[in-house]
Amino acid sequence: QQPVQSPQAVILREGEDAVINCSSSKALYSVHWYRQKHGEAPVFLMILLKGGEQKGHDKISASFNEKKQQSSLYLTASQLSYSGTYFCGTYMDSNYQLIWGAGTKLIIKP
Amino acid sequence: NAGVTQTPKFQVLKTGQSMTLQCAQDMNHEYMSWYRQDPGMGLRLIHYSVGAGITDQGEVPNGYNVSRSTTEDFPLRLLSAAPSQTSVYFCASSAPTGASLGLLHFGNGTRLTVT
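Respectively, the protein sequence lines represent chains W and U. Residue numbering for the first sequence follows my numbering, starting at -10 and increasing by one per position. Residue numbering for the second sequence follows my numbering, starting at 13 and increasing by one per position.
Rather than coming from a laboratory, the hints here were simulated on the basis of the structure. All figures in this text were calculated on a predicted structure; none of them were measured in a lab. Treat the hints with care, since some could be wrong.
Claimed, not checked - List of simulated lysine-lysine pairs, DSS-like, C-alpha gap at most 27 Å:
| # | chain 1 | residue 1 | chain 2 | residue 2 |
| --- | --- | --- | --- | --- |
| 1 | U | K21 | W | K94 |
| 2 | W | K98 | W | K56 |
| 3 | W | K57 | W | K39 |
| 4 | W | K15 | W | K56 |
| 5 | W | K39 | U | K21 |
| 6 | W | K98 | W | K39 |
Just chain W, same shape as in the assembly (with noise of 0.2 Å):
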């Protein structure tokens, strides 16, 4: 039940792309990114309703693909500030859980 995240882990030059992914093997209503810094707690990035929408924040966007059962979250130019651990939670309706993938860790250098 639980979302498979890809990449598990990431490296980049700082101002290059990446691509996180994350899907589900059920239906999903919605899908929440966060990313968390080592000692913190997560931090919200966006929510995604089924409708396959895509939102942005910044050069951080994200795309939900209902039929696929999956989301990818873009982040574009990366910068320092983006090093974490990002999470995809996914909620399959009216039962008020938020199940959480593994994390994918990205690392930006300069």
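Assemble the complex: chain W is given as a structure, and chain U must be docked to it using the hints.
Chain U in isolation, oriented as in the chain W frame:
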């Protein structure tokens, strides 16, 4: 605006001891939840509440109790601590939007070690 406040920040327990982790929010959120995060892993839901007087189990509820007597507070009780409960515990709250959970506001976490 304090947001979500968790206490204590750190705690060391001996096996078999009991304790309560406190969580309070001042945003009038109906939804509150407790997660545990083990090293290198994601968050696992322990218990959650959709309003005062209403609680339900998450993925890993064994060994933990909760109650929700007010909208603001959602304490987590460890009944008899075990080394397997060594983890970082996060409390989170949200104002559900429509049929989905909204943005989760997290507390700063409680690092619990059971020896």
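Quiz item: Of the hints given before, which are not true for this structure?
Solution: 2, 5, 6
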